[in-house]
Amino acid sequence: MADKAFFKNTGVKTLSDVLEISGAALVQVKLNQTDSFSDVSSLNDAKPEHISFFDNVKYKDDAKTTSAGACFISPEHADILPDATIALVTKTPYKAYALTAQSYYPEPNPDAGISAQAHIDPSATIADGVTIEAGAVIKAGADIGENSWIESNAVIGKNVKIGARCRVGVAVTVSHAIIKDDVRIYTGARIGQDGFGFAIDPSGHIKVPQLGRVIINEHCEIGANTTIDRGAGPDTIIGQGTWIDNLVQIAHNVQIGRGCVIVAHVGISGSTTIGDFTVLAGQVGVAGHLKIGSGVQVGAQSGVMRNIPDGETHLGTPAMKIRDKMKQIAYLNKIVGRR
Amino acid sequence: MADKAFFKNTGVKTLSDVLEISGAALVQVKLNQTDSFSDVSSLNDAKPEHISFFDNVKYKDDAKTTSAGACFISPEHADILPDATIALVTKTPYKAYALTAQSYYPEPNPDAGISAQAHIDPSATIADGVTIEAGAVIKAGADIGENSWIESNAVIGKNVKIGARCRVGVAVTVSHAIIKDDVRIYTGARIGQDGFGFAIDPSGHIKVPQLGRVIINEHCEIGANTTIDRGAGPDTIIGQGTWIDNLVQIAHNVQIGRGCVIVAHVGISGSTTIGDFTVLAGQVGVAGHLKIGSGVQVGAQSGVMRNIPDGETHLGTPAMKIRDKMKQIAYLNKIVGRR
Amino acid sequence: MADKAFFKNTGVKTLSDVLEISGAALVQVKLNQTDSFSDVSSLNDAKPEHISFFDNVKYKDDAKTTSAGACFISPEHADILPDATIALVTKTPYKAYALTAQSYYPEPNPDAGISAQAHIDPSATIADGVTIEAGAVIKAGADIGENSWIESNAVIGKNVKIGARCRVGVAVTVSHAIIKDDVRIYTGARIGQDGFGFAIDPSGHIKVPQLGRVIINEHCEIGANTTIDRGAGPDTIIGQGTWIDNLVQIAHNVQIGRGCVIVAHVGISGSTTIGDFTVLAGQVGVAGHLKIGSGVQVGAQSGVMRNIPDGETHLGTPAMKIRDKMKQIAYLNKIVGRR
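Chains as they are written, first to last, in the numbering used here: chain A, 2 to 340; chain B, 2 to 340; chain C, 2 to 340.
Keep in mind the hints are simulated off the structure, nothing from the lab.
Below, simulated PhoX-like cross-link-like pairs (lysine-lysine); rule was C-alpha separation at most 25 angstroms, straight line: (1) A:K208 / C:K5; (2) C:K14 / C:K31; (3) B:K14 / C:K208; (4) A:K9 / B:K208; (5) A:K65 / B:K292; (6) C:K48 / C:K65; (7) C:K92 / C:K14; (8) C:K61 / A:K292.
A quick note: this is a predicted structure, and the numbers were derived from the prediction, not measured.
Produce the entire structure from the sequences given, and follow the hints as far as they go.
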């Protein structure tokens, strides 16, 4: 179903291919079910030659009426699918779908090579297999690792190191940074500019030189137009496999652990540290110099003003344990008679 | 009054020109009033040869003391203007002003032509009358419609279609998208990058290929540094005539109807649909998979966590009907004795 | 301690150098203390040849155990430092540190000169000592002042004036603007695009030509990916020495005074005026057409819906005097039994 102008499909896969790719188990195949599939699709749009997934109960009605030939689904819902849809049973339907969709649509390979219209300083080091597109600028001493892809109009600053198999999107800028392998940075993200550091003074604010770097570890994704300032002295560090959405602000000296998820418009103030596998939902703000633990979840728009221990879920401004916040919301709704 | 370095004025207009352009009616002209006008201006800055408008009661004192030669004004306020100011009476003073200002300052025409310093793939299709400025990059298979204007350092991705009479601002990036006619995209907006889609997994988040597109319909305006992610499978769609301000985040699969107004810093999460003529004020956040109706208004900074039916006005986090929220605010202010 | 790949250190300084640079006073030097210093560093990372500072009580334990050779510190804390650390006593330790760090790491000088890979209109005026990097675009009639530095892929619009000693960062865009001396604009900021102005109309929103400019006065700093729209008629004005962080939205006609601090993700709506030395913390939203005084402080995530007199501190949505808001928070916490 994907528009061929933009996406290239690797072709038909058999039921056994799909089971192997996805790790899903098979519920017995019934009469008149398909055994080969040309594409993935959403429940609503799927045709009999497509594979879909059911992962969010909001879409239960769509699952009941889908025309998909097969559908990844959890064991407890496997019986809701129509007869013509094969239930591909797995405890992680979305993961199974992700792996299958990747097999139909692997990441595109760039048209390898260095554009004559890129501006590359002769002192830069460009490894084998690197693609650099028209309008990109690679400054003195920069080092681009094997098979990395620098898209049009991206600018890689002096002595910046980009690891192997990275993709630096269109119009991204990177300075004062070390980017490890397999990192992807989306369009317009700003990495490594000075943090917002100054001494307030009646004669005019006095700039504090920002002498740290940005370190982005392996397998991170950094969203479009997101800004990550370099450290003031210590480094700003993004841990392995952390995913950051669009328009996020990461201030100087922030250290984020592994596997975190930082949703759009989040702002994290200077010198705050965050553990591993923590999730900050959209538009959350976190004050500076705090310690947010591992496995923490913070609800959308919350304002975090105090440390949060490992594993807690917080909500509200000021953020508090979600149970307490829900009680406060319920209390006000009751007393005022919200309809 | 506009700085001639930046704006070109089409010249003096007579009172009858202005009435025709604006559709305003005329209150009887008094002695010593002007009958031709060289420019538009604000109430405070206007001189006798200028036309102004009064539309916001906050500026009533300015209207009483303006030196403008003429002023668009609603019937109920027409008598507050000074004697030397002609009342140009209309129920829609701001619209009348907009039309008049457009006649003094029509949108600039670009210096038509293709810059030798643009990087255009030979397989791109460039229609008649297109302007492409220095540093712009047009990739393989892209299709730019008649009289469209691609500004400096903008990057148009592979096979992207841009309609007629579009203006794609400086440093904008577009990929995986179909842009219809008469769309304007402001500086630094990011259209069509991958949505934030992955299956969370202990071994590392697994990317879900983002196989949809962005469709921007006719007459939309997309603000500076705004990000619109492409769909995960379905498309992300912006309806005809919808205006989006700066630094807005539109996630994958979001569908927005016609004539909506989305103010700065709004974030709309994935798969949410919004009807027609709905207004989201600044910094509003909307959760994913919701249905927001037509004619809805959501107050600034609200956090929308549930569906909203047509025509309702909501406020607060969590967002509720504005009357209920105002009661809650009043209750707390009363009980605590806010001064 | 700063990475030599990115920062160039001016070399060892003696104790008397440091006292002169910083204006700090000296507590009597003890045996075994160092009298020359090679670098600045944070309390935790500092070695005996380094100078550090103690300014935030959260880091008191770090001050007690630092290995720094010297440390800027306020008189009341001077006795907490280890014996081997010289107390450099000052009422403004952070300012003293800033000045000292500047002396070790002065702002880098660009590799002066005009890149052959920049695109400069022949009618532009380029003063002596200007640096223009590869991929930058300078349009017709633009005027770049002495010793200013236009980084890669920045685009300076028609007739824009940039003062002396400015630094316009990578991928910045400026149009319809006058930038005074000593201004620094960080990567990806958007200055001077049209404000979000239109008359709502059933036939489609009608654009109001945006006929003002952006004026940025001396010594301002404008953060990465921040957007400052030009005025609708009046100008949008940023006062001398005001610092604006990343991803901030400044709407048309906003006027900000001198020495203000505007933190990341703040949005200021159209025609609002702000006095001098006012601080808006992160994610604050300010409605349009308001008057915010001088010396005002607004806490993070607050939503300002009314004028604020000089000198007040406000918090919350809707924003109110901080004392009242704190009472409301305490009341709810008490009644619901927050733990």
